[in-house]
Amino acid sequence: VQLQASGGGSVQAGGSLRLSCVASGITFGAHRMMWYRQAPGKQRELVAAISSGDNTNYGDSVKGRVTISRDNAKNTVYLQMNSLEPEDTAVYYCHTYDYNRPWVEYWGQGTQVTVSS
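Numbering follows the working numbering, with no gaps: position 62 of the sequence shown is 66.
It is possible that part of the hints are untrue.
Here are the simulated EDC-like cross-link-like pairs (lysine to aspartate or glutamate), alpha carbons at most 20 angstroms apart as the crow flies [unchecked claim]:
1. Lys67 <-> Glu49
2. Lys46 <-> Asp75
3. Lys78 <-> Asp58
4. Lys67 <-> Asp102
5. Lys46 <-> Glu91
6. Lys67 <-> Glu89
7. Lys46 <-> Asp58
FYI, nobody ran anything at the bench for these hints, they're computed from the structure.
Required output: the full structure, derived from the provided sequences and hints.
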């Protein structure tokens, strides 16, 4: 299983970024997909999740500013982030787990997002 995240970068506050994560080695459409982030000195936190049925949920700190979506034909999950704030600076990770063995987790390599004021 491989999760390849991309799309991070440096932007000014108020800007936008779209992260992408391409999955391989899994039946992508059957998997719940998630984005997490981890800022320096902080715990990893859930940013957004999308189920196999396209149900979504978001972390409180990003609600209204981010949108998670998926393209099952491309085995890709996206995270559209708008109105970025310096507090959004973190490494963003794509994540999923084996739906038959939920203790088996898969993580992408992370993509850095830096927001300057």
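Going down the list of hints, with the structure as the test:
1. For the hint pairing Lys67 with Glu49, the CA-to-CA distance comes to about 13 angstroms; that is within 20 angstroms, so the pair holds.
2. Between Lys46 and Asp75 the CA atoms are separated by roughly 31 angstroms; this puts the pair beyond 20 angstroms, and the hint is violated.
3. Straight-line distance between C-alpha atoms of Lys78 and Asp58 comes to about 15 angstroms, which keeps the hinted pair within the 20 angstroms bound.
4. For a cut-off of 20 angstroms, the pair hint linking Lys67 to Asp102 is broken: about 27 angstroms separates their Cα positions.
5. Of the pairs offered as hints, the one joining Lys46 and Glu91 holds, with about 11 angstroms between alpha carbons and a cut-off of 20 angstroms not exceeded.
6. As the CA atoms of Lys67 and Glu89 are separated by approximately 13 angstroms, the hinted pair is consistent with the 20 angstroms bound.
7. Note on Lys46 and Asp58: the hinted pairing is violated, with a Cα-Cα distance of about 29 angstroms set against a maximum of 20 angstroms.
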